[in-house]
Structure formats: C-alpha cells, structure tokens
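Work the whole structure out from these sequences, hints included.
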Amino acid sequence: GEKMSKSKGTFILADTYLKHLDPQFIRYYFSTKLTEGIEDIDLNLEDFIQKTNSDLVGKYINLASRSSNFITKYFNGRLSEIDENHELLQLSNKAAEKIFIHYENREFSKATKEIMLLADKTNQYFDNNKPWEEIKKDNNSLLAHEVCSVTLLMFKNISIFLSPILPNIFKESQGFLNLNNLSWADLDLDLSGHTINEYSPLITRIEKESISRIIEDSKE
Numbered sequence: 255g256e257k258m259s260k261s262k263g264t265f266i267l268a269d270t271y272l273k274h275l276d277p278q279f280i281r282y283y284f285s286t287k288l289t290e291g292i293e294d295i296d297l298n299l300e301d302f303i304q305k306t307n308s309d310l311v312g313k314y315i316n317l318a319s320r321s322s323n324f325i326t327k328y329f330n331g332r333l334s335e336i337d338e339n340h341e342l343l344q345l346s347n348k349a350a351e352k353i354f355i356h357y358e359n360r361e362f363s364k365a366t367k368e369i370m371l372l373a374d375k376t377n378q379y380f381d382n383n384k385p386w387e388e389i390k391k392d393n394n395s396l397l398a399h400e401v402c403s404v405t406l407l408m409f410k411n412i413s414i415f416l417s418p419i420l421p422n423i424f425k426e427s428q429g430f431l432n433l434n435n436l437s438w439a440d441l442d443l444d445l446s447g448h449t450i451n452e453y454s455p456l457i458t459r460i461e462k463e464s465i466s467r468i469i470e471d472s473k474e
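Read in order, the letters of the sequence shown are residues 255 to 474 in the working numbering.
Just to be clear, a hint being listed does not mean it is correct.
[Said to hold, decoys possible] Simulated pairs of lysine to aspartate or glutamate, DMTMM-like, Cα-Cα distance not exceeding 20 Å:
no.	residue 1	residue 2
1	Lys327	Asp276
2	Lys384	Glu400
3	Lys375	Glu400
4	Lys384	Glu341
5	Lys364	Asp276
6	Lys462	Glu290
7	Lys348	Glu338
8	Lys313	Asp374
9	Lys313	Glu300
[Stated by the list, open to error] Label pairs and their computed distance ranges (CB to CB):
no.	residue 1	residue 2	range
10	Gly312	Glu470	24 to 30 Å
11	Glu426	Thr289	25 to 31 Å
12	Asn394	Glu358	18 to 24 Å
13	Lys327	Asp444	22 to 28 Å
Since the hints were derived computationally from the structure, they do not count as laboratory data.
For clarity, every value in this text was computed on a predicted model and none was experimentally measured.
We put the CB at the ideal spot given by N, CA and C, even for glycine.
Given below as structure tokens:
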C-alpha cells in the first residue's frame with residue numbers, strides 16, 4: 255500500500271478518529287480484511303465508508319429498523335409465534351457452525367462474509383413478502399406479523415454472530431430486543447410472543463464530511 259501522508263490526506267490519528275466516529279466501525283472494517291495469515295491491511299477510506307454503510311447500516315441494522323416499526327405500531331410490540339423449522343432459522347443454524355470455526359481460526363473475513371450473507375437472505379425474505387402491502391390490506395395481517403417477527407429473530411442471531419466484533423452495538427441491540435446477557439447458546443432462543451422495546455437508531459451512516467474532518471484534524 256501507499257505510505258501514509260498527512261499532506262495527501264492518507265494519514266489519520268486514532269485519537270482524532272475517536273472524536274468523530276464509533277471505534278466499532280473500524281473494528282468491523284478491519285475484520286472484513288483479516289485472515290489467518292499476518293499481513294498489512296490498508297485503510298482505504300472510500301472502501302471504509304462504503305463497507306460500513308453497506309454492511310452495518312444497509313444490511314444488518316436495517317433488519318431491526320424496518321421490521322420493528324410494524325411490530326410496534328400494529329402488534330403492540332409483541333412478536334408472533336415463530337416456526338422453529340423456518341427456512342431462515344435452518345440457514346442460521348447451519349451458518350453458526352461455519353462462523354464459529356472461522357472465528358476459532360481467526361479468519362474474521364470469512365466470518366463476516368458468512369454473517370452478511372445471512373443478513374442479505376433475511377432482507378430478501380422481508381422484501382419478497384412485502385409486509386407493508388399486507389398491512390395495507392389488513393392491520394392484523396398474520397403474514398406481516400410473522401415476516402417481521404422472523405426478521406427480528408434473525409436480527410437477534412446476527413447480533414450474536416457479530417458480538418465479538420461489535421460488543422457495544424450488541425449491548426444496545428439487546429436493550430432494543432428487551433433481552434439480557436445473550437450468548438451463542440441463545441441462537442435457539444424462541445422469541446414467540448416476546449415483547450420488544452421501541453426502536454431507536456443503533457447506528458447511523460458515515461458521511462464523507464466526517465472523514466474529511468478526521469483528515470483535516472489529523473493534519474494539525
């Protein structure tokens with residue numbers, strides 16, 4: 255990679271970064287690059303913004319924000335009955351073994367890829383079933399209730415999978431889900447009929463202005 259340079263804007267100070275952005279963002283970004291080997295990792299700021307916004311905001315946190323609104327507004331914050339044999343839960347169970355092994359082997363990049371694949375599949379499930387259309391037809395739509403409940407259950411599992419990388423977001427996610435001390439053993443935890451708390455944003459998108467401020471402050 256290119257040598258870090260203050261004048262070229264390729265040099266940032268850790269202390270300066272922390273004044274502007276959550277350290278978990280950089281933890282996640284580096285995790286997507288880490289393999290079992292020891293090698294240099296370049297911090298590409300454009301890639302950092304894209305990866306964080308796409309994976310963490312657009313895929314992972316999106317699961318909670320888009321489904322919780324329906325649960326809170328139409329179903330008093332209570333999840334529906336959830337079939338333990340649901341296809342997504344089966345995928346989650348299979349992925350858990352792979353993700354655990356990747357973590358053990360310090361292959362964080364493989365772990366994050368597997369986790370984001372689950373997030374993609376869950377978002378596709380939500381999109382394909384269009385709960386917003388079902389709710390328009392019937393405020394008590396069983397399908398909309400189930401889709402949003404399964405989506406939140408998957409959000410719980412994905413939060414557990416990401417917990418070694420994103421401990422603070424994991425803690426806040428548990429608060430939103432009205433759960434405590436979740437661990438790997440809770441991947442099978444049945445949330446049928448469980449009541450969640452009202453959602454408030456867990457993280458927000460990184461804006462280019464934030465990166466520009468970090469670069470400028472690092473020059474001083």
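> So which of those numbered hints doesn't the model satisfy?
Replying inline: 1, 5, 6, 12
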